[in-house]
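Protein chains: 2
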Amino acid sequence: MYKINDNYLKLPGSYLFSTIAKKVAAYSEANPDKEIIRLGIGDVTKPLAPAIIDRLHSAVDEMAKAETFKGYAPDLGYEFLRTTIVENDYKARGCKIEADEIFVSDGAKSDSGNIGDIFAQDNIIAVCDPVYPVYVDTNAMAGRTGTYDPTTEKWSDVIYMPCTKENGFCPEIPAKTPDIIYLCFPNNPTGTTIKKAQLQEWVDYALKVGAVIIYDAAYEAYISTDDVPHSIYECEGATGCAIELRSFSKNAGFTGTRLGFTVVPKDLKCGDVSLNSLWARRHGTKFNGAPYIIQAAGAAVYTEEGKKQTGEQIAYYMNNAKTIRDGLVAAGYEVFGGVDAPYIWLKTPDKMTSWEFFDYLLENLNIVGTPGSGFGPSGEGYFRLTAFGSAENTVKAMERIKNGKA
Amino acid sequence: MYKINDNYLKLPGSYLFSTIAKKVAAYSEANPDKEIIRLGIGDVTKPLAPAIIDRLHSAVDEMAKAETFKGYAPDLGYEFLRTTIVENDYKARGCKIEADEIFVSDGAKSDSGNIGDIFAQDNIIAVCDPVYPVYVDTNAMAGRTGTYDPTTEKWSDVIYMPCTKENGFCPEIPAKTPDIIYLCFPNNPTGTTIKKAQLQEWVDYALKVGAVIIYDAAYEAYISTDDVPHSIYECEGATGCAIELRSFSKNAGFTGTRLGFTVVPKDLKCGDVSLNSLWARRHGTKFNGAPYIIQAAGAAVYTEEGKKQTGEQIAYYMNNAKTIRDGLVAAGYEVFGGVDAPYIWLKTPDKMTSWEFFDYLLENLNIVGTPGSGFGPSGEGYFRLTAFGSAENTVKAMERIKNGKA
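So the protein lines, in turn, are chains A and B. In terms of this note's numbering, the first sequence has 1001 at position 337, counting the first letter as 1, and numbering is strictly consecutive. In terms of this note's numbering, the second sequence has 691 at position 27, counting the first letter as 1, and numbering is strictly consecutive.
Hint data in this document are derived by calculation from the structure and do not stem from the laboratory. One or more of the hints may lead you astray.
Pairs involving identical chains hold if they fit within one copy or between any two copies, as the list cannot separate such chains.
Here are the simulated lysine-lysine pairs, DSS-like style, with alpha carbons at most 30 Å apart [unchecked claim]:
1. Lys971 - Lys930
2. Lys729 - Lys698
3. Lys760 - Lys930
4. Lys1011 - Lys829
5. Lys933 - Lys674
6. Lys1011 - Lys933
7. Lys860 - Lys840
8. Lys972 - Lys686
9. Lys674 - Lys686
Chain A extracted, bound-state conformation (with noise of 0.2 Å):
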């Protein structure tokens, strides 16, 4: 008799925005009359800007004609975009990355949790508290993080190391030495960010002990403060100790689109095996690239219009961030992040805990946020909005903020 993996059945409740979905939908259904601005899924909702249509379109001529058409892709992905992805997002910023340590993909999510694969099950990972659930999934579907408390809502060999008001949302080294460190900056679910020289502490600190840290980097387009780094191979010594994975969602809006890309350095070794082959071994063998069309559409985001299209898009959705912002502040919450990245992270008032405030904001003023607790125990009497509504509805759930009702 075949046996499942069951380290799934482990996994509490059902992915977190599966639980939003559902919970709003239910609202909806009961509720057909009231208008509900969402702000709570990290989605975007401008359209493809007018340089990736145009390649999109371009793309899909070349598919109807035998002469261009493109069948399977190469492993890595096309140079065309990796010699592109390293002009424009590592060369120009002073990193020594090479085409052949970049691997295209269908997006960061799938790279976040199959990254795994090529580490053993018994590698304790660490990871920031509150954190972007999918670290933590695929680690536990993995089964590396023992059994799932769900008093604490933590996991027994997880180190957690607690990012809140305190510390300035940045993770301090833990007691316990990690081999695998999972870092996001600009942060997701909140929206803070780490200086260049205390990014470097942690390379060092992963040199040291013998870590390798997953830097998830997906929000770099974001960034406008200067001395925060937009890679980690900004830090010297990097290359020996990290990974990093990048995303063509928010930076682009291809979100349903999906692509995104991995950097394995080859000075990266456990010993003498090298991580990109192993990397490069997996992405040959369970993965078969993404469609063509879209990574023409990907190189079209570093041509002149398209970063001029796309930082349009950018500054659009973060003058949402800063009405945001304001919004809250005026109406007398304590909030953070929304500077350098999409995402607001706001104290629930009245202590109430992350689902009250979100019930309470989905059935009174009919808006959609994301409970900080759904990203870890830290989390908890927090809550996430984001900046990918529309200006005109940000600027309406705001005024409902003010006035206490939809």
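Chain B: place on chain A using the hints.
Just chain B now, kept in the frame of chain A:
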């Protein structure tokens, strides 16, 4: 110090098609004047059909406007695609499959590797020999295959089911009971297939011993013979023991466009645990959907025009298959497959090994094929040619074979 998944280190050499690509590149570089005909990798050459191109364009236009822009897709895939699949691929064939049993993905290769995630490490797998390498390699990566013996080219813990001329390339029930059985019909690499009554025996066996069948039906669109099942769910009881993998790569030319789906019936349970729920959890946590424009294009395959146009492409490729079969037979080769599948499986002449014949074809006739031994030890002495070339090149390749020179 972090540890890698050392199962990766047990994998022999590199992925078959990467090895072939490197050999061909080296030959091509050394002989730039030679015109090489590629009948090796199973990659299509016909451009996407007009109905698909039209839908891609209109879907791209939807992504350009805020009112029709699509962000994150529903976890299982868009309902318009899943219901279309159910109507055409299942209900029309009398199979009781519902839309919430369909999981849309970026392709059958990813799914055939990822499906292993929901099973325990200590399941015993059975595979046909020869076999599509991804099934074995991904199980090796998961630590499910024991140790590799380079002499026999077998893994200690894998049940190999020889498919040879003697048994008509149809596997026999193995002596040792497996937990997970991989079956692929029409078969890659042999191009042969299975009758419904034979497949029913496998379903009955799996139900009896409590095994699960991973049924890869990526080539079903090539079936022309009556009484050959297009889906394993045509067999009685199969929803209680089988997962089916489907692809748009070969029926609609999506190798570089990436779309597939996996069927996990709600009837499929291990004790009281629903495999549908497990896969839904995996799908929702480690994957973020196929691009909207690609899913829209997938639905266009099922329109009246789409069916007609992709049907013509399949007929074109199957005409190539006939050219290859006839050409090889005329040249004195012993030939299998190529009737219900785009693959032709031939016995190498003069007791040449598969790789010797690969080198002979590449160097003397400038034809690229795939060595049978690359698919498993019982593939030694066989060779695979594919019908996915152009008609012109396919005819030219057969002339080279007839004349014994390029």
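Find the hints from earlier in the document that the structure breaks and name them by number, from lowest to highest.
6 and 8
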